[in-house]
Amino acid sequence: MKSGLAQPMSVLGIEIGDVHTRGHLFDIVENSYRLIASSSAPTTSFYPILDIGDAIYEVLSRIQEICGRTLIEKSGELILPALPTGDGVDQFYITTSCFSSLQVVAVGLLNDVSLDSARKLCNATYANLLESIGINDRRSYSQQLDTLLTIRPDLVIFTGGTDGGASRSLLRTAELVSTALQLLPRGTRPQILYCGNQVLSAQLKDVFERYTTVRSAPNIRPSFEGENLEPALTELDALVMEKMNEEIGGLKRTSPLCTTPPQLKNQGFMRMIKFLGRQYDPLKGVLGLDVGMNYSMAAYSNDRVSILNTFNFGIGSGLEAFLRKGDIKDISRWLTFPVPDTVVSDALWNRSLFPLSVAATKEEIAIEQAVLRQMLQAMMIDLESREIMPSSRFEPIVLSGCTVSHVADPVRSLLLALDGIQPLGISPLILDKHSLLPLLGTIAAHNSLLAVQLLESTAFSNLATVVNITSKTRAGSPLLYARLDYADGNSFEVEVKQGSIISLPLAPGATGLLRLRLTSRAEIEELALIREPIKVQGGVCGVVVDARGRPIVLPEDQGRRIELLKEWEFLLGAA
Amino acid sequence: MNAQLTQINPLTLIHRNRLLPVPGSVNVREGQRVAPEDIVAEASIPARHYLVDVVRALSAKTLSAAEKMITRKPGEVLQKNDIIAETGGLFSRVIRTPGEGRVVSVNKGRVLIEAESTRIKMQAGLAGKVTQVIPERGATIQCYGALIQGVWGNALLGCGPLTTDYESLSGELKTSAIGVTSRGAVLAGGTCSEAFLAAAAQEKIGGLILGSISSSLISTALELPYALIILSGFGDHGMDELSRSLLATYIGRDVSINAVKWNRLTGDRPEVYIPLEGEAHAYEEQAMYTSGQTVRLQTGAYAGRIGRIESLLPGVTLLPSGLRAAAARVVFGENLREIIPLSNLDVIFSNDRFIGAPDEGGVLWH
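Sequence order for the protein chains is B and W. Just so we're aligned: 516 in the numbering used here is position 516 of the first sequence, and the numbers increase by one with no gaps anywhere. Just so we're aligned: 244 in the numbering used here is position 244 of the second sequence, and the numbers increase by one with no gaps anywhere.
Keep in mind that the hints were calculated from the coordinates and are not lab data. Bear in mind that the values here come from a model prediction, so they are computed numbers and not experimental data. Where is the CB? At the ideal position from N, CA and C, for every residue including glycine. It is possible that some hints are incorrect.
[To be verified] Pulled a few chain W residues facing chain B out of the computed Cβ check, cut under 8 Å:
hint, residue
1, Q4
2, S25
3, H49
4, A177
5, S214
6, S215
7, L217
8, F234
9, G333
[Claimed, not checked] EDC-like, lysine to aspartate or glutamate: derived pairs with alpha carbons at most 20 Å apart:
hint, chain 1, residue 1, chain 2, residue 2
10, B, K325, W, E285
11, W, K261, B, E247
12, W, K261, W, E203
13, B, K362, W, E223
14, W, K108, B, E247
15, W, K261, B, E320
[Claimed, not checked] Cβ-Cβ distance ranges computed for the label pairs, FRET-style:
hint, chain 1, residue 1, chain 2, residue 2, range
16, B, G76, W, E279, 34 to 44 Å
17, B, T150, W, D53, 37 to 47 Å
18, W, D165, B, E246, 18 to 28 Å
19, B, G573, W, A301, 24 to 34 Å
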């Protein structure tokens, strides 16, 4: 690794995605780090190029053109560290999304205890849990064995037993795994991640190491109530990264140039959400959502709890998994023009075949945004159903991922987020315009100043502070009177009716005092907090009051539905 | 910008690796000629086991007592009703095998028997010559012929004489087109209905080549007993004129289909091979977008249509969607010109050849 300078000035970050490779150049402008230039190119680690170097070279060439600074020598080498002339960069970071997830089987003792923790462990990274085997499993030994042999996973997470607790059952389960390892041909045997009862760790490691590679980590369930996923997650991420090093041609060669070893996108994303979680209201927590091409992520953090969930779907090749599970009607209901479901389905399946393709027409982008809404909704439903977040109110909600952030019109971005997430209470919505968050998380491990200063820069845009009201009254009934007092003494007052969504103008960076007078039939999750005027931050879309109810119910009739969707766009001033 | 390439190539050199996912045995040697259905390599994967607990079944008092009762050793092949263990003595009690199998292990008074294994057979997939044997994995097969690359397949292999007509290639395949001659044949058409897919399965066709298909038929397609390849995508746009002309030229010839799922990492993609006499160079696998290239549109209103890049537009272009992307002006037919993002274009590689007589719908390759 190249060591960083005492006062690094210029930083280059590359995100290797499974469709695009993106590069960002950061430098100090007026004593603060700023994003200088960004560029992207199709990822080239696929056949026939099979080397990421081509994409990185193309990205750097474009950044050179944009900022007029030489980053690459004539030989094609990156200039590192920067020269006194200003050419080159002082630090270089890589983050990568996952190309194909680890196929995992979890073996443990109790379904609600160790196996539940193993499930959470897999959800937190690019691991696809195919099967769980525990002591209460009703299948016979030979059926369990056949399951392991048929699935042929990349990894077996072996867990179970509190530290110093049950050992006999665990040894029996170990015998099953060891038999499967012996039966599988060498070269096709799964690796083992041991994260169970630490008393048996050395003994079982010896047993498994006769047949395969074993990694070990502290018990993910050291006591019945306690859970400790972090160390095992680090090991699991390291395994995924090993796989990426094999799959992404040229990554191993490029790694030594990096200031810190390349990291997985989810790790960087989580680090930043954790950081933000410590800065905001601990009673709420920060929610970060990132819809990628193949995978999507949701991270939640407050001062005590941090949760990361990876979803095996996205807007590129990850569409296939999403379309197989869902109903196309749930997607097409968000469209503001009449179109047969088959056309929507064909368009999305074609998008999964051609993940590089770009939505060229208004209709194509509308279909893309419709599926994004449904993906955000699926993520929220999944998180809420598993009750893993201590709060369903968030401050702020950060939207990342190129597909969400590249929507041309901020009002449409806001509506997309609100329709998908359907937040409660009062939430500021922040848009990571360049999808920087994962990369900043990777950089933050070595250069935290850059990450902090970029968060405060224009690379992140406050879409709006959203007040969400719920009521069971009929559409059109008055719900509240909102008055926004500006710093210059002016004010803006509005009546909000059930089923509507309105915007009160407040420029980004400006603050105002919001006074809400609710009718008896309406409520906001934080009613107790809003008796006093609320200090609100402005956003690109101002301060938004969403009185469409939770969950948002769309009319069955297509004509009425389209009329309503268009009305919401109109009320917010969509272009 | 690196172009996305698709071959609709009338004559080229084709090399394809046919490899097992696990180690096994290779059945071919270098220089050997193979037919599409020949098994190049095979392997067996243990699939079903049963465990006989002698301690419990024969009520052995100790582990060592149970182990003495076991009459089998690892590796022994067993027939149905063979004795696995017996107590001995005047009134000996025995445990017999419920079926055929092989003893995998004898441990702690328990006998593990492999009852069944799954045989993986790797077919050649195309007619050609074995140019390289990869020990324990498979072989590389080479042939000269026409190559059409598709975008989606149902993961099966198929082969047979190409049976179609220009009308079917241009439009929807009708169930009335299926007849006695369809058995074992590869049919081709623009698109088709669910009823056609079912009727073709009844008639045991060798495979099906379609320009496009409705995405609502994906689940049905994955259950079909024959190989189905989609050349340009989902929808009702049918088959592009280049694929149509090429297939029309070779009606009656043997074709094979590898309807594998498209894997961008490895480059495996669904393909149609038509072995031909003659020699040619291997096709280009990399190119940059340039003006004059023949292209096919991947998505949108013009999905599946063939055009020509008239010019590349400088920088990035603001699209009607509001997004900005590198784009080109593409000409369709005589006069229609559209601005299309480069990312939505497949460059069609064809080795500068003329396919099919013009009166049969032949197309001049650029």
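With the threshold set at 20 Å, check whether the alpha-carbon distance from K261(W) to E320(B) stays at or below it.
holds (12 Å)
Using the nearest Cβ pair, does S25(W) come within less than 8 Å of chain B?
With a closest approach of 12 Å, the S25(W) hint is violated.
Is K261(W) close enough to E203(W), meaning Cα to Cα at most 20 Å?
Outside the cut-off at roughly 25 Å; violated.
Would the hint on S215(W) be counted as holding, given a Cβ-Cβ threshold of 8 Å to chain B?
holds (4 Å)
Are the Cα atoms of K261(W) and E247(B) separated by 20 Å or less?
Holds, at roughly 18 Å.
For a C-alpha distance cap of 20 Å, please report whether K325(B) and E285(W) respect it.
Not OK: K325(B) and E285(W) at ~35 Å, beyond 20 Å, violated.
Holds or violated: the hint that F234(W) contacts chain B, with Cβ atoms closer than 8 Å.
Status holds, d = 4 Å.
Given a cut of 8 Å on the nearest C-beta pair, is the interface hint for L217(W) held or broken against chain B?
violated (10 Å)
Residue hint A177(W), partner chain B, criterion CB-CB below 8 Å
violated (23 Å)
Starting from K362(B), check that the Cα of E223(W) is at most 20 Å away, please.
Violated, at roughly 35 Å.
Quick check: does the Cβ-Cβ distance between T150(B) and D53(W) fall within 37 to 47 Å?
violated (23 Å)
Pair hint K108(W) and E247(B), alpha-carbon separation not exceeding 20 Å:
Distance of about 42 Å is beyond 20 Å: violated.
The structure does not agree with the numbered hints 2, 4, 7, 9, 10, 12, 13, 14, 17 and 18 stated previously, though it agrees with the rest.
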